Amino acid sequence: MAEKLEPVKVLYCGVCSLPAEYCEFGPDFARCKPWLVENAPDLYPDLLKANEKAADNVSDKLQSVGISSGGADGAPSSAQTGGTSKKEEVKRLPGGKVKKKDRQEVIIEKVVRNKRKCITIVKGLELFGIKLSDASKKLGKKFATGASVVKGPTEKEQIDVQGDIIYDIVEFITDTWPDVPERSIFFIEDGKKVQAG
Amino acid sequence: MFKKFCLEEISSQNQVKASVQRRIRQSIQDEYPGLESVMEDLLPKKIPLIVVKCPNHLTLVVVNNVPLFFCIRDGPYMPTLRLLHQYPNIMKRFQVDRGAIKFVLSGANIMCPGLTSPGGVLDVEVDAERPVAIYAEGKQHALAIGFTKMSAKDIKSINKGIGVDNMHYLNDGLWKMERLD
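First to last, the protein sequences are chains A and B.
Start counting the first sequence at 1; every next residue gets the next number (the working numbering).
Start counting the second sequence at 1001; every next residue gets the next number (the working numbering).
For the record, the hints were derived by calculation from the structure and aren't laboratory data.
Here are the simulated BS3-like pairs of lysine-lysine, each with C-alpha atoms no more than 30 Å apart in a straight line:
{"id": "1", "chain 1": "A", "residue 1": "K9", "chain 2": "B", "residue 2": "K1003"}
{"id": "2", "chain 1": "B", "residue 1": "K1017", "chain 2": "B", "residue 2": "K1045"}
{"id": "3", "chain 1": "B", "residue 1": "K1092", "chain 2": "B", "residue 2": "K1160"}
{"id": "4", "chain 1": "B", "residue 1": "K1004", "chain 2": "A", "residue 2": "K156"}
{"id": "5", "chain 1": "B", "residue 1": "K1102", "chain 2": "A", "residue 2": "K9"}
{"id": "6", "chain 1": "A", "residue 1": "K9", "chain 2": "B", "residue 2": "K1045"}
{"id": "7", "chain 1": "A", "residue 1": "K156", "chain 2": "B", "residue 2": "K1003"}
What the simulated footprint calls covered on chain B by chain A, stretch by stretch (three residues with Cβ under 8 Å from a Cβ of chain A suffice, anywhere in the stretch; the number is not a length):
{"id": "8", "stretch": "1078-1089"}
{"id": "9", "stretch": "1166-1176"}
Computed from a predicted structure; not experimentally measured.
Yeah, the Cβ is synthetic: ideal placement off N, Cα and C, and Gly gets one too.
Work out the full structure: start from the sequences and follow the hints.
Dropping the structure here:
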């Protein structure tokens, strides 16, 4: 019997979740840097030095503001700080990697079954803080049809209403839930999203 | 493989029968004899094993909501990187040179020259179609898990084209899915 293996503890970056040594190849190294300096200083010795340098530069700059003769020294440091602030702006809009927050919109789709019967599917009401069970009951009552809360294909809940109620569902939604603006209601027609109203 | 992968991709997740569970355990153990001593910790017999099926014939083995292994079609089970980091010696290792890291981490398959260059290391015993751990020059931990397209000898002699298919790499969808709920 072999000796029991002990799991190796790996230091994962608190910012990008990669093992710390891979941060430099990660999605956003600049953001990891502060964390790395704090938690894994030995991994990136250059970084520490660079950081000190940057700090020096900043203090230089502060001084130069006072004396206003920083000249050569002040210019690069200000460029540097400009660069970092730019990065911070990008940070807030991380492209692609971070999952986009669901846009608040209601999507209405008509699915035809048996050629002449159809189901109207309403998705996204929950994004407006509407209880789906209540909503389905109200829809059912208004249109005198079956309406149920169903788990959609992506684990999200949606309301299936029997029958074609597309013609006045928009009005109904905006009347019953004033929180839902008409411009955030969309139809799906031939696979394309079309704004209602 | 897992470049885009999220919870929405899961088509079904089932708690499997004891017999299936046994079979999975057995095949994992056959594949990674180094794991024998910790099998009981990893896949306890008592705790139900959950098999998550995803599109593209992909299966994940999940215990306590943590994905541990994955496999494609009826292929061998491969550990997730988080698991491999914990037990690094269970798999045969290849090493790529520093220049390749960037590409591997964005999901590229591993090309032969990256493995044969001075920064790369090949384990000569590896045959074609085996799972391997991909390490990188100057780094301690694995950065990807691959599936060899040709044997190590061929990689050396042909030295062209894709040597290892990149299955799972750092910061891909599966990596980000630390826990499943």
